[in-house]
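A.B. asks: Listed in order, the protein sequences are those of chains U and P. All residue numbers for the first sequence refer to my numbering, where the first residue is 1 and numbers rise by one. All residue numbers for the second sequence refer to my numbering, where the first residue is 1 and numbers rise by one.
Bear in mind the hints are in silico, worked out from the structure with no lab data behind them. In this text, a Cβ means the ideal position worked out from N, Cα and C, and glycines have one as well. Do not rely on the hints blindly, as some may be mistaken.
To give an idea of the interface, some chain P residues facing chain U are shown, with a C-beta separation under 8 Å as derived from the structure [claimed, not checked]:
id, residue
1, S47
2, V168
3, I264
4, G266
5, L306
6, G313
7, P315
Derived, one-sided and incomplete: chain U residues facing chain P with beta-carbon distance under 8 Å [stated by the list, open to error]:
id, residue
8, V62
9, V76
10, P160
11, G162
Quick list of simulated restraints, FRET-style, between CB atoms [as the list claims (entries may be wrong)]:
id, chain 1, residue 1, chain 2, residue 2, range
12, U, R108, P, R227, 53 to 61 Å
13, U, E289, P, I189, 35 to 43 Å
14, P, I189, U, Y186, 47 to 55 Å
15, U, G315, P, Q335, 38 to 46 Å
16, P, W114, U, D308, 54 to 62 Å
17, P, W114, U, G315, 49 to 57 Å
18, U, G258, P, T179, 51 to 59 Å
19, P, T142, U, Q303, 53 to 61 Å
20, U, L164, P, I119, 28 to 36 Å
21, P, M269, U, G315, 28 to 36 Å
22, U, Y186, P, L98, 26 to 34 Å
23, U, K309, P, P315, 23 to 31 Å
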Amino acid sequence: MTKTIVSAAVGLVLTSLSASGAFAQDANTVALVLGSSGSPFYQAMQCGAQARAKELGLSLTVSAADQFAADAQIPVVNAVTASAPKVAAIVPTDMQALIPPMRELAGRGTQVITVDQTISDPSILKTQVLTDNKAGGGMAADALAALIGKKGKVLVITQPPGSLAQDAREAGFAATLAAKYPDIQYLGPQYQSNDPQRAAEIVTSTLSAHPDLAGVFSTNDQGAIGAITGLRQAGAVGKVKMVAYDAASAEVAALKNGELQGLIAQSPSQQGAVAMDIAAKLIAGQAVEPVTMAEIVAIGADQPELADKYEYVAGCM
Amino acid sequence: MSNELAISPVETTEDRLLRLVAGGWIFLLLLALIAIFLVLKPAQFGSGYNVQQLFINAAILLVLAVGQTYVVITSGIDLSVGSVLVFASVVSAKLMLLLSGAGGTTYGTTAAGWDIIAIGTVAALLVGAAWGAFNGILIAVTKIPPLIVTLGTMGMALGGAQILSGGVDVRAMPELLVTHVGSGRILGIPVLVVIAAVTVIIAGIVLHLTRFGMHVFAVGSNAEASRRSGIPTTARLIQVYAISGLMAGIAAVMSNARFSTTTINGHAMDNLATISAVVLGGTSLFGGVGSVFGTVVGVFIPIILLNGFVILGIPPFWQTVAMGGVLILAVWIDQLKRRLRKRG
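Next up, chain U with everything else stripped away, as it sits in the complex (with noise of 0.2 Å):
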């Protein structure tokens, strides 16, 4: 018995190693290379692009370090290079340490892609799909407007500075807090990396120092999930407004009931599609635009339906 599951197991293991090396003589080799593995944002990504690519007739590769960091990915982008696929998506973690791997990887036949992040050369690229976060923080600060009557303390919790994307959904909420709501005070931005227990800290020390706090905007799922925490912990769920950007599973939990108001949705599978298109179109040699703007929602507490679509679930896992 052991030794037929045993033998099937090998038969198996050799038979997907004879498939994937059949691969490799494929003219439509794509591989995508996500930010970090374990993430379900770029799970997401992962799903949305596998199930284009099958539809396409792709033959995908996905790897992934296991932090987001330059330094963790490049080995992976080496090791891309040296596979050689036809069309390679790349989720770049740096937008400068990322460039001479990636110069190298067009320069030995690739054609390259950007999503979700992109590098501050594009003339690499054959072209970028992106999201513009700061206007995503913008809309961040309408809902939160909104939700607390366009007047009290607000605060936001968010990466410290060198995260482009966090950045800029900072600088996006500033700057419309800023032209469009003078009756709100903004304390300013506060710093968890990737830490709920952080996240959960600084809104209850903020609650002693500032009690009449209003409306709280988190810039990413792990702030959001520490953020709600920490209300609960203060008994301020519902008095203090919160939204949020990303659709994780917790945080659309917590729209539901109740403990978040709003939510800035990205689609990331809808982005991985995206790339699959674009990668089948490079290989049929056609022409694609130099960058592709992928959407971003504005989902409201009364809108479950929504969130339920824009969730950031990995379905093919």
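Assemble chain P onto chain U, guided by the hints.
C.D. replies: Showing chain P alone in chain U's frame:
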């Protein structure tokens, strides 16, 4: 630190032979990995391009891991290497930016000359060695456990780097540093690899062939006995941590040259990566046993696994599982060898 396997400063031939066998197993694993990937994807894995990339990817980690080898041999641990690297790289980059007179917002590269690069390099080495010496003094003089001291300085160095830089990476590196060191070549060999190789060879010679190296092993085998036999253990410990810090300083310059930006948010796992490389290479966490060659092998195993898995198209989560598995397997087999050796 009792250790029945502790090698006395003078190894017997038998000891040395057994150490080679124990260390050799992991070397065979490395060869097996290379062979498997070569058979499955010869054109991609075995290409000159890929081999070169493997060495470049290993270069920075190699330098850090060699410093870690010294520390682990003294039965210590240095968790601060990644943060010290980040701190030294920020200091060096800021200094070079200041000296070149370019604005702080400058993007890309500056026209700084070799003189400025030399000053920046020396600054990185000094700052790295200073953090290491600080670790060493706290550990050797105040007797605070290395785990706690270096955990503390890990936070201090990272926080310090964020204070100096405002948390924003310094992105303007001297053009010469990036082109000649980061992506430059000497006789076709990447400069980063040359730096790593020279560092590793010097560190290997010092550890295995000098009196200083013998003292390092002795301190790790039995600190009290070493002290009584006249080895200045306090000074040796401070020097060993200073060496680890100095290596982080060298790695900082290599990192600046390679990425053409400081990488404040990176290097978070460098400490664990180097410790696992050192342990994979047969160096005992209890001190007194270890080799630089083993560490070199230990650095290459995860790098080759990651590279091979990406080339084969194996999903990312399996890479994480495989790397964890190899670490445990390697240490387990090493333990078996040691047990056998004890019995025999």
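A.B. asks: Are the hints correct? Go through all of them and say.
C.D. replies: Verification of the hints:
| no. | hint | result |
| --- | --- | --- |
| 1 | S47 | holds (6 Å) |
| 2 | V168 | holds (5 Å) |
| 3 | I264 | holds (6 Å) |
| 4 | G266 | holds (4 Å) |
| 5 | L306 | holds (6 Å) |
| 6 | G313 | holds (4 Å) |
| 7 | P315 | holds (7 Å) |
| 8 | V62 | holds (7 Å) |
| 9 | V76 | holds (6 Å) |
| 10 | P160 | holds (4 Å) |
| 11 | G162 | holds (5 Å) |
| 12 | R108/U with R227/P: 53 to 61 Å | holds (57 Å) |
| 13 | E289/U with I189/P: 35 to 43 Å | holds (42 Å) |
| 14 | I189/P with Y186/U: 47 to 55 Å | holds (54 Å) |
| 15 | G315/U with Q335/P: 38 to 46 Å | holds (42 Å) |
| 16 | W114/P with D308/U: 54 to 62 Å | holds (60 Å) |
| 17 | W114/P with G315/U: 49 to 57 Å | holds (55 Å) |
| 18 | G258/U with T179/P: 51 to 59 Å | holds (57 Å) |
| 19 | T142/P with Q303/U: 53 to 61 Å | holds (59 Å) |
| 20 | L164/U with I119/P: 28 to 36 Å | holds (31 Å) |
| 21 | M269/P with G315/U: 28 to 36 Å | holds (30 Å) |
| 22 | Y186/U with L98/P: 26 to 34 Å | holds (33 Å) |
| 23 | K309/U with P315/P: 23 to 31 Å | holds (26 Å) |
Every hint, counting from the list given before, is met by this structure.
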